[in-house]
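Chemist: For reference, each letter of the sequence shown is one residue, going 1 to 141 in our numbering.
Honestly, the hints are just simulated from the structure, not real lab data.
Just so we're clear, the structure is a prediction, and the values are computed from it rather than from any experiment.
In this text, a Cβ means the ideal position worked out from N, Cα and C, and glycines have one as well.
Be careful, since some hints might not be right.
Per label pair, the in silico range of CB-to-CB distance [as the list claims (entries may be wrong)]:
#, residue 1, residue 2, range
1, Arg123, Ala57, 36 to 46 angstroms
2, Ala124, Gly94, 16 to 26 angstroms
3, Val40, Gly126, 47 to 57 angstroms
4, Gly126, Ser42, 19 to 29 angstroms
5, Leu125, Phe46, 32 to 42 angstroms
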Amino acid sequence: MVALRALTHLMGWACVLIGAVHVALGNAAIPGAGSAGTTVDSWGRFMGAGFVGYGLAWLWAARQRPVPAWAVPWLAGVFLLGGAGRLLSLALHGWPQWFQIPLTVIELGLPPVFFWLADAEERALGRGAETVPAGRRMRTD
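Let's have the full structure, built from the sequences with the hints guiding it.
Modeler: Now the structure itself:
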């Protein structure tokens with residue numbers, strides 16, 4: 001239960017931070033990209049904004065009580081798809097800059113952990129637990 005919430009928060013903040021760096025720095029945020037040109041810079045900044053949004057979705061999930069079991073596999077699946085995309089690139093174009101290798105390992109290795117933990121809080125609280133934003137109380141009267 002604690003592991004799911006902690007990993008969900010960590011994933012959210014990491015994605016927001018990484019996305020913001022890509023928006024701010026463009027090509028300079030991509031190891032090995034060098035001067036990839038204005039088109040790649042524009043694309044990278046746009047994708048960085050999308051990654052910020054993806055991180056905010058993780059943070060939304062982390063703030064729910066319990067963490068919604070339906071959302072975690074979807075969010076983790078998107079991350080896994082990113083790792084699969086890196087594998088496809090490796091197969092088609094060869095080895096990337098060294099920093100991309102540990103990122104690929106994380107993108108392929110972390111989603112199964114999320115899949116396994118997805119319903120941990122709901123199991124702990126009992127099936128049928130209602131998702132309530134953190135800090136909000138349900139009226140019982």
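Chemist: Compare the structure with each hint and give your call.
Modeler: Outcome of the hint check:
Distance hint check for Arg123 and Ala57: the Cβ-Cβ separation is about 22 angstroms, which falls outside the suggested range of 36 to 46 angstroms. One distance hint, 16 to 26 angstroms for the beta-carbon pair Ala124 and Gly94, is violated here, with the actual separation near 45 angstroms. Here the CB-CB span from Val40 to Gly126 is close to 50 angstroms, well matched to the stated 47 to 57 angstroms. Checked against the given bound of 19 to 29 angstroms, the beta carbons of Gly126 and Ser42, roughly 49 angstroms apart, lie outside it.
With their beta carbons about 39 angstroms apart, Leu125 and Phe46 fall inside the hinted range of 32 to 42 angstroms.
Comparing the model with each earlier hint shows violations of hints 1, 2, 4; every other hint is respected.
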